[in-house]
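This is what each chain is made of:
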Amino acid sequence: MLKSKRAEYFAAAVLMAPFVVIYGVLFVYPTIKMVELSFTNAPLIGPGKWVGLDNYWRLATERLFPTAVWNTIYFVLLSALPSTLLALVVALGVNRLKGWAQSVALAAFFLPYILPVSVVYRIWDWMFDANFGIAQYAIAPLDGGQHLSVFRTIPLFMPMVAVVTIWWLLGFNVLLFVSGLRNISTEIYEAAELDGASRWAQFKRITWPLIWPVTVLVLTIQLILQFKIFDQVYLFTQGGYRVDSTMVMVQYIYREAFQLNKGGLAASASVVLFVLIAVMSVLQFQLLRARAQR
Amino acid sequence: MTDTALVSDAPPPAARPLVRLRQLDLFGAVVTLATLAGAVVWAFPLYWGLVTTFKPETEIVQPGVHLWPQNFTFENYAHVLMQTKIGLWYVNSLVTSGAVTVIVVVMAAAAGYAISQLEFPGRRVFWAMILASFMVPIPALIVNHFVLMSQFGWINTLQGVVAPQLIAPVTVIIYKQFFDSVPKDFREAAVMDGANDFQLLFRIYLPMNWGITTALAIITFIGAWNLFLWPFLAVSSEEKLNVAVGITQVHDAFGVQYGRDLAVAMLAALPVAIVYLIFQRRVTQAIMLSAGIKG
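Quick note, the sequences are listed as chains E and L, same order.
First residue of the first sequence? That's 1 in my numbering, and the numbers climb one at a time after it.
First residue of the second sequence? That's 1 in my numbering, and the numbers climb one at a time after it.
Quick caveat, the hints were computed from the structure, so don't treat them as lab data.
You may find that some hints are simply not true.
Calculated cross-link-like contacts (lysine to any residue; reagent style SDA-like; alpha-carbon spacing at most 20 Å) [what the hints assert, rightly or not]:
1. E:LYS5 - L:MET192
2. L:LYS176 - L:THR214
3. E:LYS204 - E:LYS228
4. E:LYS5 - L:ALA190
5. L:LYS184 - L:ALA291
6. L:LYS184 - L:PHE120
7. E:LYS228 - E:VAL69
8. E:LYS5 - L:PRO121
9. E:LYS5 - L:LEU200
10. L:LYS85 - L:ASN156
11. E:LYS228 - E:GLN146
12. E:LYS228 - L:THR284
13. E:LYS5 - L:PHE120
14. L:LYS176 - E:VAL20
15. L:LYS85 - L:PHE74
16. L:LYS176 - L:ALA291
17. E:LYS49 - E:LYS228
18. E:LYS228 - L:ILE167
19. L:LYS176 - L:VAL106
20. E:LYS98 - L:GLN280
21. E:LYS228 - L:VAL136
22. E:LYS228 - L:ALA132
23. E:LYS228 - E:LEU81
24. E:LYS228 - E:PHE27
25. L:LYS184 - E:SER4
26. E:LYS98 - L:LEU36
27. E:LYS98 - L:THR284
28. E:LYS204 - E:SER179
Stretch-level coverage of chain E by chain L, calculated; a stretch enters the list once three of its residues show a Cβ under 8 Å from a Cβ in chain L [what the hints assert, rightly or not]:
29. 10-21
30. 25-33
31. 56-67
32. 111-119
33. 139-151
34. 245-259
Even glycine gets a Cβ: it sits at the ideal position worked out from N, Cα and C.
Please model the complete structure; the sequences and the hints are all you need to start from.
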């Protein structure tokens with residue numbers, strides 16, 4: 001018996017080793033280093049002096065970081081909630097379709113999701129191109145006959161990036177909602193039908209309560225995901241002049257670390273992002289668990 | 001859900017059936033049409049981008065909307081294939097995404113098996129850490145990943161692109177859950193026959209969950225192929241770029257040439273689109289699993 005215990009420990013050690021090494025070196029160690037770096041004035045590469053909470057104080061008092069936090073929250077609001085609700089509507093429609101029509105519709109909504117972000121950027125940059133973009137046929141009448149460079153117009157920037165993001169990622173949400181809807185037994189609807197429940201009553205009393213857990217899941221996944229926005233904002237501001245006014249948090253980290261060589265300050269911004277997302281994840285976990293226990 | 005609650009806001013049963021049947025069909029038809037129209041709208045930007053690549057540049061900048069090229073051409077593709085390093089970027093993407101996929105799957109299957117089937121000190125601690133790391137935003141680690149990779153001398157190398165992508169707690173969690181549900185009888189029978197844990201993993205547990213392995217491998221590959229932020233930071237020379245980042249660099253190379261910009265983008269999207277169309281069911285399954293829905 002003792003021998004087999006040792007064999008088990010040995011097997012466990014060998015099987016866990018790759019994971020433990022990778023996890024330790026690439027995850028635990030950088031996380032600890034990040035916190036440490038955030039209390040120094042170090043450049044990106046190289047040593048620095050301990051400066052206590054100076055970096056955090058700078059983040060709070062300078063203009064750019066609060067702007068980046070606000071822009072990030074603004075983007076999350078513009079993308080997460082609309083994409084969740086739109087996905088539910090689309091899923092309800094797709095779920096009614098049968099056979100190949102359903103497969104084709106689902107594929108049409110889902111295909112953008114598997115594209116690289118840079119491809120999504122290229123497609124939409126072309127759609128809205130100020131000179132030859134097809135969207136200008138719709139924009140020009142609204143803009144007094146003038147073409148409009150939407151991604152160079154500051155008030156339109158975040159909403160437009162949100163639209164592109166919703167187009168890109170909606171398929172993921174639709175997929176989760178469709179599977180949620182399929183899990184609702186048709187017998188419930190048949191019974192409701194016999195009782196003469198209207199469509200609206202069926203939705204309100206059956207579909208909505210039963211799909212609510214999926215809604216919470218999708219919404220919280222989107223909230224957490226969109227907080228990490230960088231790629232689209234970076235790509236659509238490429239070559240632009242007023243990057244600061246549309247800056248988001250990850251972009252701020254990128255700028256401080258890789259363009260201005262301020263490793264310490266960038267690390268402190270990373271810690272703030274880290275904490276924000278960790279808090280949201282705990283809330284998500286609690287919400288989902290509360291539902292599971294009921 | 002009580003019957004009275006449902007009936008309360010419906011008209012009395014006797015008068016309805018005929019009228020309601022017609023209303024139903026009309027409503028259903030409208031919803032179906034709206035859904036199909038929505039699908040067309042959703043697919044249009046992709047179609048429009050694709051069809052533009054088959055037009056000569058002079059036709060692209062002409063006013064008017066032509067849903068099909070007047071002069072169909074592959075000139076844009078020929079040009080980007082000859083004049084950009086996209087062939088090299090393809091190789092880089094294949095190598096890095098392939099490496100990420102193989103390492104993540106092997107590592108996660110091994111760890112998932114150990115945590116699911118073996119008793120060893122620290123098992124609970126590891127499991128708690130894996131669950132907790134769900135909530136860690138990888139983009140917050142870019143600064144220290146860069147510092148670490150430069151200490152390794154791995155900046156601007158393919159292994160430097162691969163390494164930070166190997167943190168995959170979700171894959172371990174999914175494997176653990178699936179290994180948990182393998183019936184104990186199989187294990188006991190194999191142990192009686194003198195099988196050790198490595199044989200158990202590779203002869204029983206992995207083959208029994210082959211579908212999951214395929215699904216996880218595909219989704220890991222697509223994720224690695226599409227990743228933008230980290231390869232964008234870790235690589236500075238054109239020779240080491242992956243496709244997803246590389247295609248944003250051509251713009252500068254030949255100014256604004258809509259057809260070519262889009263052609264190179266379509267080439268970048270092609271492999272993932274093909275993988276998705278072939279393995280649709282597996283991709284769907286993997287997405288459900290990683291969202292926490294067992295499918």
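Structure-based check of each hint:
| no. | hint | in the structure |
| --- | --- | --- |
| 1 | E:LYS5 - L:MET192 | 16 Å, holds |
| 2 | L:LYS176 - L:THR214 | 16 Å, holds |
| 3 | E:LYS204 - E:LYS228 | 34 Å, violated |
| 4 | E:LYS5 - L:ALA190 | 17 Å, holds |
| 5 | L:LYS184 - L:ALA291 | 27 Å, violated |
| 6 | L:LYS184 - L:PHE120 | 18 Å, holds |
| 7 | E:LYS228 - E:VAL69 | 11 Å, holds |
| 8 | E:LYS5 - L:PRO121 | 11 Å, holds |
| 9 | E:LYS5 - L:LEU200 | 16 Å, holds |
| 10 | L:LYS85 - L:ASN156 | 16 Å, holds |
| 11 | E:LYS228 - E:GLN146 | 35 Å, violated |
| 12 | E:LYS228 - L:THR284 | 23 Å, violated |
| 13 | E:LYS5 - L:PHE120 | 9 Å, holds |
| 14 | L:LYS176 - E:VAL20 | 16 Å, holds |
| 15 | L:LYS85 - L:PHE74 | 18 Å, holds |
| 16 | L:LYS176 - L:ALA291 | 15 Å, holds |
| 17 | E:LYS49 - E:LYS228 | 29 Å, violated |
| 18 | E:LYS228 - L:ILE167 | 17 Å, holds |
| 19 | L:LYS176 - L:VAL106 | 13 Å, holds |
| 20 | E:LYS98 - L:GLN280 | 18 Å, holds |
| 21 | E:LYS228 - L:VAL136 | 11 Å, holds |
| 22 | E:LYS228 - L:ALA132 | 18 Å, holds |
| 23 | E:LYS228 - E:LEU81 | 16 Å, holds |
| 24 | E:LYS228 - E:PHE27 | 17 Å, holds |
| 25 | L:LYS184 - E:SER4 | 18 Å, holds |
| 26 | E:LYS98 - L:LEU36 | 12 Å, holds |
| 27 | E:LYS98 - L:THR284 | 18 Å, holds |
| 28 | E:LYS204 - E:SER179 | 19 Å, holds |
| 29 | 10-21 | holds (count 9) |
| 30 | 25-33 | holds (count 7) |
| 31 | 56-67 | violated (count 0) |
| 32 | 111-119 | holds (count 8) |
| 33 | 139-151 | violated (count 0) |
| 34 | 245-259 | holds (count 5) |
Violation of the numbered hints given earlier is confined to hints 3, 5, 11, 12, 17, 31, 33; the remaining hints are satisfied by the structure.
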